[in-house]
Amino acid sequence: MMLILFLVMISAYLLGAFAALLSGRGAVGRGLVSAGAAVGSAAGLALGVLVIASGFPLTFTSARLLPLTGVALRLDGLGAFFLVVVGLVGCAAAIYAFGYSAQYAGRYSLRLLGVMFNLLLLALSLQVMADNALTFLVLWEAMSLTAYWLVLTEHDQRGTVRAGVWYLAMTHAGFAALIAMFLLLSGAELTTSFASMRAGAALLSPGSRNVVFLLALFGFGAKSGIIPLHVWLPMAHPVAPSHVSALLSGVVIKMGIYGLVRVLLDLMGGGPAWWGGVVLGVGAVSALLGVLYALMEHDLKRLLAYHSVENIGIILIGIGAGLIFHSYGLMTLAALGFISGLYHTINHASFKGLLFLGAGSVLHATGTRNMEEMGGLIKRMPWTALFFLVGSVAISALPPLNGFVSEWLVFQSLLGGSNIPTPEVAVVMPIAVGILALTSGLAAACFVKAFGITFLAIPRSREAEHAHESPPSMLAGMALLAIACVALGLAPFVVVPALGRVLAGLGGLPDTHAVFSLNLSLVAPNNFASMSPTLVALGLLFLLGLVPLVMLIFRVNRRWRVSDSWGCGRAGQTSRMEYTATAFAEPLRRVFAELYRPTKELSIDFHPDSKYFVQSIEYRSEITPWFEKVLYGPLLWFIRFVASLVRRLQSGSVHIYLFYIFVVLLILLLIARWS
Amino acid sequence: MTGYLLEISQALMALALAPGLVGFVRWWKARLQGRRGAPPWLVYYDLRKLFGKEVVISKNASWLFRFTPYLVFSSTLAVTLLVPLIAAPLPFDRVGDLLLVVYLLLLGTFFLALAGLDPGTAFGGMGASREMTIAAIAEPTIALSIFGLAVGAGSTNLGRIVAQTLAHPGAAISPGHLLGFAALFIVMLAETGRLPVDNPSTHLELTMIHEAMTLEYSGRYLALIEWAAALRLLIFFSLLANMFAPWGVATTLTPVAVSVAVIALIAKLGALGLVVALLETRLAKLRLFRVPELLAVSFVLALLAVTSSFLLR
Chain D
1 MMLILFLVMI
11 SAYLLGAFAA
21 LLSGRGAVGR
31 GLVSAGAAVG
41 SAAGLALGVL
51 VIASGFPLTF
61 TSARLLPLTG
71 VALRLDGLGA
81 FFLVVVGLVG
91 CAAAIYAFGY
101 SAQYAGRYSL
111 RLLGVMFNLL
121 LLALSLQVMA
131 DNALTFLVLW
141 EAMSLTAYWL
151 VLTEHDQRGT
161 VRAGVWYLAM
171 THAGFAALIA
181 MFLLLSGAEL
191 TTSFASMRAG
201 AALLSPGSRN
211 VVFLLALFGF
221 GAKSGIIPLH
231 VWLPMAHPVA
241 PSHVSALLSG
251 VVIKMGIYGL
261 VRVLLDLMGG
271 GPAWWGGVVL
281 GVGAVSALLG
291 VLYALMEHDL
301 KRLLAYHSVE
311 NIGIILIGIG
321 AGLIFHSYGL
331 MTLAALGFIS
341 GLYHTINHAS
351 FKGLLFLGAG
361 SVLHATGTRN
371 MEEMGGLIKR
381 MPWTALFFLV
391 GSVAISALPP
401 LNGFVSEWLV
411 FQSLLGGSNI
421 PTPEVAVVMP
431 IAVGILALTS
441 GLAAACFVKA
451 FGITFLAIPR
461 SREAEHAHES
471 PPSMLAGMAL
481 LAIACVALGL
491 APFVVVPALG
501 RVLAGLGGLP
511 DTHAVFSLNL
521 SLVAPNNFAS
531 MSPTLVALGL
541 LFLLGLVPLV
551 MLIFRVNRRW
561 RVSDSWGCGR
571 AGQTSRMEYT
581 ATAFAEPLRR
591 VFAELYRPTK
601 ELSIDFHPDS
611 KYFVQSIEYR
621 SEITPWFEKV
631 LYGPLLWFIR
641 FVASLVRRLQ
651 SGSVHIYLFY
661 IFVVLLILLL
671 IARWS
Chain F
1 MTGYLLEISQ
11 ALMALALAPG
21 LVGFVRWWKA
31 RLQGRRGAPP
41 WLVYYDLRKL
51 FGKEVVISKN
61 ASWLFRFTPY
71 LVFSSTLAVT
81 LLVPLIAAPL
91 PFDRVGDLLL
101 VVYLLLLGTF
111 FLALAGLDPG
121 TAFGGMGASR
131 EMTIAAIAEP
141 TIALSIFGLA
151 VGAGSTNLGR
161 IVAQTLAHPG
171 AAISPGHLLG
181 FAALFIVMLA
191 ETGRLPVDNP
201 STHLELTMIH
211 EAMTLEYSGR
221 YLALIEWAAA
231 LRLLIFFSLL
241 ANMFAPWGVA
251 TTLTPVAVSV
261 AVIALIAKLG
271 ALGLVVALLE
281 TRLAKLRLFR
291 VPELLAVSFV
301 LALLAVTSSF
311 LLR
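As you go down the protein sequences, you meet chains D and F in turn. Quick note on the numbering used here: the first sequence kicks off at 1 and runs consecutively. Quick note on the numbering used here: the second sequence kicks off at 1 and runs consecutively.
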């Protein structure tokens with residue numbers, strides 16, 4: 001059964017890619033491409049669920065499948081969980097792509113888009129099964145390169161190529177770190193299986209273990225977009241086609257999380273407390289700065305991209321707490337930390353996928369990503385608005401949807417910090433709690449802005465006024481993820497035990513599938529807290545029905561009429577009187593002015609006769625991009641400087657290059673001789 | 001079974017008391033300012049009047065505008081089922097903890113802010129923007145106060161915190177508790193829109209926050225929102241009263257204990273109402289951009305509360 005699903009998954013992706021190669025155009029071509037990706041993802045999803053439910057890892061010996069290539073695939077619980085994440089978002093994005101990619105016909109290459117989309121999904125699905133360093137690295141590079149092509153789809157738009165180059169550079173810097181890390185871990189033999197790496201990791205010296213940790217954090221962090229390695233993310237994710245953005249933000253950056261858990265917990269078996277502290281600190285900084293920069297964005301998709309940085313931060317807070325507890329041998333709390341991180345991983349995949357698809361629908365309908373030109377879309381695109389609202393509530397961590405459940409778990413694992421024997425480490429936890437709470441409050445503020453300015457009130461442009469609802473396939477893709485957001489929120493009693501089972505045995509964690517969930521409630525260790533999202537949701541629904549009913553019984557006046565908004569006596573209302581996204585974020589910009597360092601330019605044209613009459617006002621305000629300026633500015637300067645030195649070696653003459661090769665070979669031989 | 005009956009009667013009691021509490025604070029304020037003031041029960045008449053009025057809806061508003069009052073009212077009412085007002089532990093204690101209470105209230109704020117943006121007026125947007133700013137900055141203090149309480153009591157569930165403080169009365173005057181109380185008190189002023197953060201008695205001024213958001217509401221929708229706001233005040237008062245000074249809360253379900261608890265609750269609410277009325281006559285409203293400083297003070301207090309409860313454990 002599992003093997004059949006595996007083969008269905010692989011062949012569906014390959015058929016989808018092949019169909020795209022033949023012809024990606026027309027309804028049939030796009031249909032085949034989408035069908036391949038959707039069937040493949042669904043099969044992957046089913047395979048992941050089956051492996052988690054049965055508890056038996058699935059192993060494919062390389063000798064039988066692909067002899068002599070060194071490929072080793074094995075699907076264990078952790079991999080299966082991430083396969084579910086890939087399948088969920090992949091399936092929704094594939095269905096959505098059928099309608100969304102129609103607009104590209106004739107403008108951009110649908111062939112390349114279809115091939116790369118299917119290949120990216122294939123690479124992601126196999127990535128989580130890699131069982132040796134070579135397979136892992138090859139698939140990692142395949143994932144990065146296919147994603148690069150997808151980012152470049154709209155290559156003639158402003159900023160796309162720049163974003164692609166940034167993405168490629170950062171991801172390869174990370175890749176280099178990963179190669180170094182695996183070389184250290186595997187004793188320079190990349191086909192060593194993960195099982196023997198696990199045994200070997202314990203024998204490494206503490207120094208090399210620390211180097212492995214730092215390399216892993218850099219390599220996987222660059223992929224996940226942790227701060228300060230995040231600069232490429234808000235550039236690259238928005239410029240990709242929206243269903244690809246959903247996949248990039250929902251799944252691809254999660255591979256960094258997968259890698260961190262796989263290497264730090266599984267292969268290395270945990271480490272000293274400062275590892276966890278560093279991960280927690282990086283997570284807290286990413287979460288807070290991610291949401292703060294998101295607040296200042298008025299490009300809907302860039303805003304969502306910054307929120308990915310924030311949510312990766314929240315995931316890392318959970319995982320960092322887990323690592324800290326692990327180092328003190330508090331295994332139940334450690335399991336809770338990792339469970340909260342992984343739960344937030346699948347939650348973020350579903351709501352961020354949903355939000356990117358929603359933003360794609362808005363872009364599709366209005367042709368702009370600038371929120372200041374939107375408004376009133378809730379009446380013109382009711383379904384998209386509803387789905388986007390579900391995503392907004394979920395990402396703001398409001399009950400009873402899924403974002404709240406995983407943040408509650410993160411909070412509970414941080415509250416467990418009072419069990420840490422050393423007070424100076426334990427004090428880290430309340431600070432993390434404060435940062436996490438501020439982050440979630442700011443996220444709520446940001447999504448009031450994102451939803452309110454985009455969908456509510458009066459349209460701010462002609463395009464928004466004439467917006468239209470998306471085709472059914474796009475709505476279906478969003479509906480799938482919206483249902484996932486609700487279901488993951490209502491059924492933690494299924495997800496949490498499953499995660500407990502997934503983590504059992506990794507780095508010596510106990511099997512906690514029956515610990516954190518009692519009937520319909522979630523329970524924190526030592527009976528510290530209990531909460532039932534299911535009952536809360538039912539209670540809210542009950543009250544939402546009861547209140548109007550009671551009002552009916554008490555004969556409350558039920559009449560209503562529609563009229564103008566109240567306007568202090570002015571006649572008529574135009575969209576220019578509305579609050580804008582910039583104005584909405586202004587109080588927070590002032591509060592955090594130290595961080596943003598906003599620059600302001602105001603030029604007023606007065607009437608030549610009297611300065612009391614203004615002819616025009618121009619206002620321009622920008623925030624200082626710290627990381628680009630302070631961190632990457634000098635780095636780029638240095639790289640350019642080195643490149644200009646290297647350029648002297650480049651003469652373009654083949655003879656000279658042959659000479660270089662000869663000299664290098666000679667030097668290598670001499671080194672080999674003497675060492 | 002009696003437990004569930006008590007839950008329902010507790011929620012009904014909160015519903016009945018909340019408008020009176022708002023009226024009471026207003027009445028005291030008027031008295032302290034040398035005015036005669038409207039009788040405390042005027043708020044009930046106001047609600048009845050509003051429920052009898054026709055609703056006028058802006059033509060720009062969507063279904064969200066009409067859905068929000070019900071959601072705000074329901075989520076606030078749901079909180080009254082979780083907070084131990086007169087007895088602890090309640091049967092619903094295991095359904096939700098203090099974190100859930102905070103996030104349920106934030107859910108109401110979230111939708112109210114959206115509804116403020118919906119009619120497309122500048123006032124609504126201004127209110128929504130300010131309300132969300134303050135809600136976001138208040139959030140860390142609340143979370144840290146919860147942390148402090150939870151570390152002391154060994155639980156974030158409200159019933160357990162109450163029971164723990166009742167069992168160890170000395171804990172109530174520990175530095176962690178006192179600092180936590182001060183922090184949460186400041187946040188309460190911000191979250192319920194009282195002076196010096198927001199002025200509950202102004203309409204149509206450029207300084208208003210909560211009132212600006214709900215400006216477009218009328219009739220039964222306004223009644224629901226006002227009632228929910230009153231409930232919110234009662235919830236924060238009783239959290240302050242029963243988390244930090246739980247004496248009087250019934251631990252057994254005998255008629256005597258429950259009636260003592262009801263009287264104790266009303267007395268505590270009255271005392272806190274008087275304190276707030278006093279503060280509101282003594283304090284001027286802060287400029288909006290000074291509010292973060294006030295909330296930063298509360299954050300530092302909460303952080304001290306947690307650290308001291310860690311070190312004095």
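Don't read these hints as lab results, they were simulated from the structure. Here the structure is a predicted model, which is why all the values come from computation and not from measurement. There could be a bad hint or two in this list.
[What the hints assert, rightly or not] Computed cross-link-like contacts, EDC-like style, restricted to lysine to aspartate or glutamate with a CA-CA straight-line distance of at most 20 Å:
#1 D/LYS600 to D/GLU586
#2 F/LYS59 to D/ASP564
#3 F/LYS59 to D/GLU465
[Said to hold, decoys possible] The following label-pair restraints were derived from C-beta to C-beta distances:
#4 D/ALA487 to F/VAL256: 53 to 59 Å
#5 F/ARG287 to D/VAL161: 52 to 58 Å
#6 D/GLY31 to F/ALA296: 53 to 59 Å
#7 F/TRP63 to D/GLY567: 19 to 25 Å
#8 D/TYR612 to F/THR281: 38 to 44 Å
#9 F/PHE67 to D/ALA105: 35 to 41 Å
#10 F/LEU311 to D/ILE604: 44 to 50 Å
#11 D/LEU552 to F/SER259: 29 to 35 Å
#12 D/GLY633 to F/THR281: 52 to 58 Å
#13 F/THR281 to D/ARG158: 57 to 63 Å
#14 F/LEU178 to D/PRO625: 42 to 48 Å
#15 F/LEU206 to D/PRO625: 29 to 35 Å
#16 D/GLY567 to F/LEU311: 38 to 44 Å
Glycine residues also receive a C-beta, built at the ideal position from the N, C-alpha and C atoms.
Taking the hints in turn, this is what the structure says about them:
Restraint check for D/LYS600 and D/GLU586: satisfied, since their Cα atoms lie roughly 13 Å apart, inside the 20 Å limit. At roughly 6 Å between alpha-carbon atoms, F/LYS59 and D/ASP564 fall within 20 Å of each other, so this suggested pair holds. For the suggested pair F/LYS59 and D/GLU465, the alpha carbons sit about 15 Å apart, so the restraint of at most 20 Å is met. Taking the beta carbon of each, D/ALA487 and F/VAL256 are about 47 Å apart, not inside 53 to 59 Å as hinted.
Between F/ARG287 and D/VAL161 the C-beta distance comes to about 47 Å, which lies outside the given range of 52 to 58 Å. A hinted range of 53 to 59 Å holds for the C-beta pair D/GLY31 and F/ALA296, which are about 57 Å apart. Distance hint check: the CB atoms of F/TRP63 and D/GLY567 are about 22 Å apart, consistent with the given range 19 to 25 Å. Restraint check, D/TYR612 to F/THR281: a C-beta distance of roughly 41 Å satisfies the suggested window 38 to 44 Å.
Take F/PHE67 and D/ALA105: their Cβ atoms lie about 39 Å apart, and the range 35 to 41 Å holds. For F/LEU311 paired with D/ILE604, a C-beta distance near 57 Å fails the hint of 44 to 50 Å. Restraint check, D/LEU552 to F/SER259: a C-beta distance of roughly 33 Å satisfies the suggested window 29 to 35 Å. Evaluation of the 52 to 58 Å hint for D/GLY633 and F/THR281 yields a pass: the beta carbon distance comes to about 55 Å.
In this structure the hint that F/THR281 and D/ARG158 lie 57 to 63 Å apart at CB holds, the actual value being about 58 Å. Checking the proposed 42 to 48 Å range against F/LEU178 and D/PRO625 shows it holds: the Cβ atoms sit about 44 Å from each other. A hinted range of 29 to 35 Å holds for the C-beta pair F/LEU206 and D/PRO625, which are about 33 Å apart. Between D/GLY567 and F/LEU311 the beta carbons are some 57 Å apart, a value that contradicts the proposed interval 38 to 44 Å.
In this structure, the hints that do not hold are numbers 4, 5, 10 and 16, in rising order.
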